[in-house]
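Student: Chains as they are written, first to last, in this note's numbering: chain V, 3 to 293; chain E, 20 to 566; chain S, 13 to 341.
Since the hints were derived computationally from the structure, they do not count as laboratory data.
Predicted model only: the values in this text are computed from it and were never measured.
Built from N, CA and C at the ideal position, the CB exists for glycine as well.
Please note: incorrect hints may appear among the correct ones.
What the hints assert, rightly or not - Dumping the calculated BS3-like pairs for lysine-lysine here, alpha-carbon to alpha-carbon at most 25 Å:
hint	chain 1	residue 1	chain 2	residue 2
1	E	163	E	323
2	E	163	E	148
3	E	323	E	523
4	V	12	E	38
5	E	130	E	152
6	E	488	E	429
7	E	130	E	163
8	V	12	E	429
9	E	403	V	12
10	V	12	E	253
11	E	523	E	488
12	E	546	E	163
What the hints assert, rightly or not - The following residues of chain E were derived to be distant from chain S, with all beta-carbon distances above 10 Å:
hint	residue
13	126
14	143
15	149
16	222
17	333
18	433
19	446
20	467
21	477
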Amino acid sequence: MTLLTTELPKPEPHRAVLLWRRFARNRAALLGLVIFVVVLIMAATAGLIEPTDPLRRAGVPLTKPFVDWATPLGTDQLGRDILASLFYGARISLLVGVLATLLSIGIGVVIGAVSGYFGGWIDDVLMRTTEAFQTIPNFVLLLALVAILGSSIEYITVAIAIVSWTAPARMVRAEFMSLRGREFVDAARNLGVSNTAIIFREILPNALPPIVVYASVIMALSILLESALAFLGLGDPNHASWGNMIGQGRAVLRSDWYCAAIPGTAIILTVLSFSLLGEGLNDALNPRQKK
Amino acid sequence: MNGNTPVLEIKGLRIALPKGADRPYALDGLDLTVNPGEIVCLVGESGSGKSLTAGAIMRLLPEPHVHVADGAIRFEGEDLLALSEARMKAIRGDRIAQIFQEPMTALNPQKSVGWQLDEVLRLHTELGKSDRKARVIEMLERVKIPDPASAYNAYPHQISGGQRQRVMIAMALSLSPRLIIADEPTTALDVTTQLEILRLIRELQEQDGAGVLFITHDFGVVAEIADKVAVLCKGELVEQGPAQQILNRPQHSYTQALIAAIPALTPPAPRDFTGAPVVLEAKGLVKTFAARGGMFSGKRKAVKAVSDLSFVLRRGETLGVVGESGSGKTTVSRIVTRLLESDTGSVTVEGTDLLACSPRELRRMRQYIQMVFQDPMASLNPRKRVEALIAQGPIVHGVDPKEARERARKLLELVELSPAAASRFPHEFSGGQRQRIGIARALAMEPRVIVADEPVSALDVSVQAQVLKLLGDLRDRLDLSLLFVTHDLRVAAQLCDRLIVMQKGEIVETGVTAEIFADPQHPYTRKLLDSIPGRGWTPPVIRPDAA
Amino acid sequence: MTLHLPPILTYALRRLVQAVPVIVLIMIGTFLLLKLAPGDTVDALVGDMGGADAAYIARLRTEYGLDQPVWVQLWLYMVKLVQFDFGWSFVYEESVATILLERLGTTLMLMATSLSIAFTVGCFLGAFAARRAYSLTDNVISTVGLVFYATPSFFLSLMMILLFSVQLGWLPVGGIKTVAGFYTGWDHVVDVARHLIMPTAALSLIYLSFYLRLMRASVLEVADLDFVRTARAKGAGETRLMVHHIMRNALLPVITLLGMQFSTVLGGSVVVETIFSLPGLGQLAYQSVIQRDMNMLMGIIFLCAIIVVVVNFLTDLLYARLDSRIELA
Numbered sequence: 003m004t005l006l007t008t009e010l011p012k013p014e015p016h017r018a019v020l021l022w023r024r025f026a027r028n029r030a031a032l033l034g035l036v037i038f039v040v041v042l043i044m045a046a047t048a049g050l051i052e053p054t055d056p057l058r059r060a061g062v063p064l065t066k067p068f069v070d071w072a073t074p075l076g077t078d079q080l081g082r083d084i085l086a087s088l089f090y091g092a093r094i095s096l097l098v099g100v101l102a103t104l105l106s107i108g109i110g111v112v113i114g115a116v117s118g119y120f121g122g123w124i125d126d127v128l129m130r131t132t133e134a135f136q137t138i139p140n141f142v143l144l145l146a147l148v149a150i151l152g153s154s155i156e157y158i159t160v161a162i163a164i165v166s167w168t169a170p171a172r173m174v175r176a177e178f179m180s181l182r183g184r185e186f187v188d189a190a191r192n193l194g195v196s197n198t199a200i201i202f203r204e205i206l207p208n209a210l211p212p213i214v215v216y217a218s219v220i221m222a223l224s225i226l227l228e229s230a231l232a233f234l235g236l237g238d239p240n241h242a243s244w245g246n247m248i249g250q251g252r253a254v255l256r257s258d259w260y261c262a263a264i265p266g267t268a269i270i271l272t273v274l275s276f277s278l279l280g281e282g283l284n285d286a287l288n289p290r291q292k293k
Numbered sequence: 020m021n022g023n024t025p026v027l028e029i030k031g032l033r034i035a036l037p038k039g040a041d042r043p044y045a046l047d048g049l050d051l052t053v054n055p056g057e058i059v060c061l062v063g064e065s066g067s068g069k070s071l072t073a074g075a076i077m078r079l080l081p082e083p084h085v086h087v088a089d090g091a092i093r094f095e096g097e098d099l100l101a102l103s104e105a106r107m108k109a110i111r112g113d114r115i116a117q118i119f120q121e122p123m124t125a126l127n128p129q130k131s132v133g134w135q136l137d138e139v140l141r142l143h144t145e146l147g148k149s150d151r152k153a154r155v156i157e158m159l160e161r162v163k164i165p166d167p168a169s170a171y172n173a174y175p176h177q178i179s180g181g182q183r184q185r186v187m188i189a190m191a192l193s194l195s196p197r198l199i200i201a202d203e204p205t206t207a208l209d210v211t212t213q214l215e216i217l218r219l220i221r222e223l224q225e226q227d228g229a230g231v232l233f234i235t236h237d238f239g240v241v242a243e244i245a246d247k248v249a250v251l252c253k254g255e256l257v258e259q260g261p262a263q264q265i266l267n268r269p270q271h272s273y274t275q276a277l278i279a280a281i282p283a284l285t286p287p288a289p290r291d292f293t294g295a296p297v298v299l300e301a302k303g304l305v306k307t308f309a310a311r312g313g314m315f316s317g318k319r320k321a322v323k324a325v326s327d328l329s330f331v332l333r334r335g336e337t338l339g340v341v342g343e344s345g346s347g348k349t350t351v352s353r354i355v356t357r358l359l360e361s362d363t364g365s366v367t368v369e370g371t372d373l374l375a376c377s378p379r380e381l382r383r384m385r386q387y388i389q390m391v392f393q394d395p396m397a398s399l400n401p402r403k404r405v406e407a408l409i410a411q412g413p414i415v416h417g418v419d420p421k422e423a424r425e426r427a428r429k430l431l432e433l434v435e436l437s438p439a440a441a442s443r444f445p446h447e448f449s450g451g452q453r454q455r456i457g458i459a460r461a462l463a464m465e466p467r468v469i470v471a472d473e474p475v476s477a478l479d480v481s482v483q484a485q486v487l488k489l490l491g492d493l494r495d496r497l498d499l500s501l502l503f504v505t506h507d508l509r510v511a512a513q514l515c516d517r518l519i520v521m522q523k524g525e526i527v528e529t530g531v532t533a534e535i536f537a538d539p540q541h542p543y544t545r546k547l548l549d550s551i552p553g554r555g556w557t558p559p560v561i562r563p564d565a566a
Numbered sequence: 013m014t015l016h017l018p019p020i021l022t023y024a025l026r027r028l029v030q031a032v033p034v035i036v037l038i039m040i041g042t043f044l045l046l047k048l049a050p051g052d053t054v055d056a057l058v059g060d061m062g063g064a065d066a067a068y069i070a071r072l073r074t075e076y077g078l079d080q081p082v083w084v085q086l087w088l089y090m091v092k093l094v095q096f097d098f099g100w101s102f103v104y105e106e107s108v109a110t111i112l113l114e115r116l117g118t119t120l121m122l123m124a125t126s127l128s129i130a131f132t133v134g135c136f137l138g139a140f141a142a143r144r145a146y147s148l149t150d151n152v153i154s155t156v157g158l159v160f161y162a163t164p165s166f167f168l169s170l171m172m173i174l175l176f177s178v179q180l181g182w183l184p185v186g187g188i189k190t191v192a193g194f195y196t197g198w199d200h201v202v203d204v205a206r207h208l209i210m211p212t213a214a215l216s217l218i219y220l221s222f223y224l225r226l227m228r229a230s231v232l233e234v235a236d237l238d239f240v241r242t243a244r245a246k247g248a249g250e251t252r253l254m255v256h257h258i259m260r261n262a263l264l265p266v267i268t269l270l271g272m273q274f275s276t277v278l279g280g281s282v283v284v285e286t287i288f289s290l291p292g293l294g295q296l297a298y299q300s301v302i303q304r305d306m307n308m309l310m311g312i313i314f315l316c317a318i319i320v321v322v323v324n325f326l327t328d329l330l331y332a333r334l335d336s337r338i339e340l341a
């Protein structure tokens with residue numbers, strides 16, 4: 003019997019193949035992916051299949067769903083087409099969600115990475131600041147920012163990012179603190195690699211999986227925050243938004259509850275899809291957590 | 020009932036693994052008998068299925084993924100596999116007890132030591148509160164915990180690793196079980212503590228006449244404690260018999276290979292380095308940590324990890340730094356490579372004091388002194404391909420990337436790996452292969468000095484021997500100097516020309532390895548040498564054609 | 013001479029000292045927001061009076077310190093905040109602090125009840141699901157949890173109103189008590205409670221899902237640890253394992269969330285209070301935005317921050333008491 007151990011095992015399939023296999027094993031995550039793709043198509047085709055302007059009158063006010071094929075999902079009290087609003091709303095929700103998530107994860111990664119890697123007084127200053135932001139109730143701060151900056155879609159996106167970067171920052175910091183002590187970081191330092199390269203080339207790729215998973219949480223929260231603003235009538239009045247549709251539907255809740263229920267269901271499904279996607283990504287990217 | 024009935028009798032035990040594992044059965048057809056008053060060692064390397072045997076006896080396998088597929092386990096004549104869960108619960112902790120490997124994690128961090136010992140009595144006896152407390156204190160005394168009354172109220176994190184393992188033993192033995200399963204109980208401990216714990220287990224087991232199933236990977240420990248030995252290889256029993264027979268006249272080629280891989284306690288013949296140039300000189304190194312100390316006080320105090328350390332390393336020489344945990348040996352390796360800032364002192368390499376370098380100079384100087392780390396998995400960035408890992412250093416120091424990658428492939432050959440390894444990720448290799456990659460990465464910088472911090476302690480014995488041999492060969496071929504940090508005197512004896520013996524941050528003895536082994540001067544060195552498991556046993560020299 | 017305090021007190025004092033920079037940062041933050049907002053106190057005052065001449069406006073500016081350098085203004089602002097002087101609300105014609113105090117009770121009551129329900133029920137269900145991981149029960153609990161997690165609080169509130177008020181007529185649509193009901197004593201308590209059922213339920217259901225998910229993950233993680241295996245080897249049964257070994261350890265990260273989540277829940281009360289017309293801080297925050305009452309809005313932010321700091325401080329103490337690994341000294 004030979005004990006020599008220099009023979010190599012069979013090569014593994016490509017990373018992407020492995021990731022997909024692990025992701026697809028989670029059936030709920032696949033469902034999430036399907037819903038997400040549907041919402042994505044809605045956002046992409048708004049205005050193509052549905053030529054109507056969502057903010058103009060398209061039919062008799064308060065037409066019930068499945069009655070008139072010009073407005074398949076009915077109309078609201080101003081006669082606006084609910085299906086068209088739904089498509090345009092998907093565009094706004096995804097746009098705000100994606101941009102706010104990118105922005106807040108970006109801020110979070112930079113602050114968390116610097117804080118966790120260097121430690122010491124830099125960490126103290128950054129973490130106290132993070133704590134201060136976290137201490138102010140996020141929705142109240144969001145209201146204040148919108149009150150000051152204004153309700154245009156750009157400012158809303160920035161404001162959502164400003165109130166959501168703290169959690170990713172803390173998470174990235176924790177990741178960096180634990181990875182900083184790992185031997186491969188020492189090994190890189192020992193080769194003479196600079197701090198910047200260690201942060202971005204050595205540690206960050208390893209900290210990425212939990213960040214990607216967390217991005218799905220931020221995405222869900224951003225969509226919820228935007229819809230809450232729009233519901234309260236503080237959203238961008240120039241764009242159709244699911245939250246705003248529900249806010250309008252509240253007035254006719256007693257008689258025509260579908261005006262609120264349809265966009266409400268859309269929000270639930272979209273947010274749900276991100277949660278499911280997040281769980282699937284977690285399965286795919288952190289395979290150590292076994293079932 | 021004790022008469023001739025074995026305490027434990029395993030017949031044809033088969034443990035099935037889930038689909039997609041590297042083999043269908045973790046354990047395939049194990050036969051094993053443990054008699055009262057007998058210590059049976061189950062020996063095997065990692066992945067041999069030895070720990071699952073313990074799980075099967077206790078009926079605590081992670082079912083249904085891993086389950087007993089076939090066979091019988093009889094405990095004092097009773098078929099354990101046929102018992103109800105309620106009966107099994109009554110047996111666990113009472114008549115069969117288990118001691119685990121990691122004393123750090125095997126105790127509940129949120130409950131006091133006393134509470135956790137008390138729980139065994141509460142579960143299996145009708146004793147009143149004060150009687151139970153008296154019994155617990157008595158058990159703590161039996162396992163020789165210094166201050167049983169304060170230990171009773173202490174939390175696990177407040178006592179040392181050795182003490183925790185004593186607590187685990189007290190817990191296992193408090194009801195005088197008939198069978199004790201000890202799963203690598205001393206692997207996580209220092210040698211001197213290991214010897215004490217082994218003696219304690221032997222002593223208490225003799226008092227109670229229990230049978231012990233002792234699971235280990237270490238033949239030294241086997242030589243120290245075993246009456247009978249069973250050797251496992253990838254789930255199959257390859258050989259079993261009385262300890263003397265297996266240790267001195269192994270029959271199976273696998274056992275022979277395992278035993279041949281154990282480093283002998285005979286240091287290399289002294290080589291003369293007086294004429295060789297000094298490549299590294301350390302002077303007056305001091306490092307103090309602010310840390311918590313004190314067994315039960317929890318007060319902060321400064322701990323001297325290294326105090327006033329000086330040494331020289333000459334070209335082609337290997338200097339061993341040996342000591343137990345807390346001796347400061349790892350701190351030395353990190354100060355010398357400046358991964359940790361020293362309080363005072365100097366480390367001179369190539370005429371430059373490394374400790375006084377600016378960050379920029381330091382990055383340039385790093386090419387002269389490279390490091391091989393303890394954990395080959397943790398020290399290789401899991402997101403980088405092997406080629407990139409090895410070429411990274413030279414690229415940082417200005418070598419053309421293409422050339423650096425070409426050199427990386429050559430280095431793979433030097434460490435006896437196929438060039439096909441270049442395009443793979445670290446997790447696709449075995450532990451020994453990863454350590455070879457780590458060595459190649461260090462060599463890529465063409466250093467003068469390699470600092471190796473416990474480079475083989477995470478590896479199986481058979482792999483250990485190969486990696487040690489590779490390091491020795493490369494040292495001689497490339498005229499390298501090695502600073503070799505280890506806790507394992509057997510490993511040190513294999514490779515080191517000179518030794519520094521450290522205790523609590525200070526050098527207690529230094530000299531030529533062969534001389535220290537033959538005639539240790541300091542009492543601590545003597546204690547360390549005496550604690551080497553199996554020091555009285557000289558592994559037989561097995562001729563390759565014997566099988 | 014050194015002072016000898018019990019360890020828990022020294023720990024508490026140390027945590028309080030750590031909170032000071034956070035509060036100072038929040039003061040600076042609200043000051044900056046006020047500066048960013050269009051118009052200042054004097055503009056508001058003048059607007060309130062229906063206009064004034066330039067000389068008078070200049071005099072007012074001096075009086076309010078608005079002609080001073082920014083850092084002096086910041087200092088004056090902070091001194092006022094420390095004295096709980098949040099300025100004047102031109103909408104309510106009353107000091108901000110007075111209005112805030114009036115509104116505080118409702119919000120605190122809503123928070124306390126919703127959070128206790130969400131925490132206890134969430135932890136219980138999470139632990140329950142974890143013990144039956146990947147079974148049908150677990151799948152049902154986890155899925156329902158996920159759906160509530162994805163539901164916007166305002167939509168949940170509306171659907172509850174539709175079902176319980178409009179369709180079934182069981183519960184009042186909004187308000188804190190029946191208008192012109194003039195209930196007293198026990199009847200008053202019942203009346204308020206009936207008004208609080210739906211807002212409390214809406215908030216609890218949504219935040220419950222946070223605790224449920226975290227507790228489930230935490231229990232699963234702890235159940236895999238070595239000391240649980242030790243306890244099993246001792247002969248401990250599943251109930252004993254859960255109660256004495258797993259729960260205590262699994263609760264720790266959830267308690268951390270309890271502290272961190274408090275500010276989020278406080279934010280969530282804005283929407284719920286607005287929908288159910290509850291006279292609390294949340295509704296006040298919304299109205300201040302609509303009425304552009306910046307002093308009031310900043311007052312709310314600062315007060316909320318103080319509440320969150322206090323709650324975090326209390327959860328930290330609780331955590332320190334529960335985790336024996338934390339050395340209090």
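Student: Checked against the structure, which of the hints given earlier come out wrong?
Tutor: As far as the earlier hints go, 1, 11, 13 and 14 are violated by this structure, in ascending order.
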